[in-house]
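Whole structure, please, built from the sequences with the hints as guidance.
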Amino acid sequence: GEKVEQHESTLSVREGDSAVINCTYTDTASSYFPWYKQEAGKSLHFVIDIRSNVDRKQSQRLIVLLDKKAKRFSLHITATQPEDSAIYFCAASMYNQGKLIFGQGTKLSIKP
Amino acid sequence: EAAVTQSPRSKVAVTGGKVTLSCHQTNNHDYMYWYRQDTGHGLRLIHYSYVADSTEKGDIPDGYKASRPSQENFSLILELASLSQTAVYFCASSRLGGRGEQYFGPGTRLTVL
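The listed protein sequences correspond, in order, to chains D and E. Counting from 1, one number per residue, gives the positions in the first sequence under the working numbering. Counting from 1, one number per residue, gives the positions in the second sequence under the working numbering.
If you are wondering where the hints come from, they were derived from the structure by calculation, not from laboratory data. All the given hints hold, so there is nothing to weed out.
To give an idea of the chain E side of the interface with chain D (calculated C-beta under 8 Å), a few residues: (1) Y31; (2) E101; (3) G107.
All values reported here derive from a predicted model rather than from experimental measurement. Backbone N, C-alpha and C fix where the C-beta goes; we use that ideal spot for every residue, glycine too.
In structure tokens:
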């Protein structure tokens, strides 16, 4: 079945710099790729997603890139702020599939 | 705003005992999910459901049962709790299943002793 790998288990960047979190997936039929954020001690919430009919999507300081040939997608956070510190999860699913497959999570720390 | 609630928020259970975790959503969503979170493993899907009175196995269903008596309610049942089931459990709901946003509950911290 589908597997989603998050390459960085931890990531530390200086406030104001950009952070990049990378994920790969195994099934070429995957077509939906969301990202979720989990702040310390809290639940997860959706931040941004991308579908396979586009290769770039931006929402304010968040940019998602999708490379279907390489089966890779990435989350770019520009001009990082302290409140960006959290665990970020990538996920993937196939069209008409009822479930998401999550990566292991990347703990992002923003240094002052 | 979408709302998913879970009860209890934390529980201590004894090995071999029965544990029931409950989830309630007011989103009018068809899809509901149970995940467990362990350090280093991210989120793993235990069971899910896309219609009342029907459940589907997720990626790690062994040792767990699920029940969806209505669109709003989804329960996770551990008939014989084991030490390895100590984890944080999250419930989620979604309108579009694997093709759209999932709304997560606050989580239940389960400790099996």
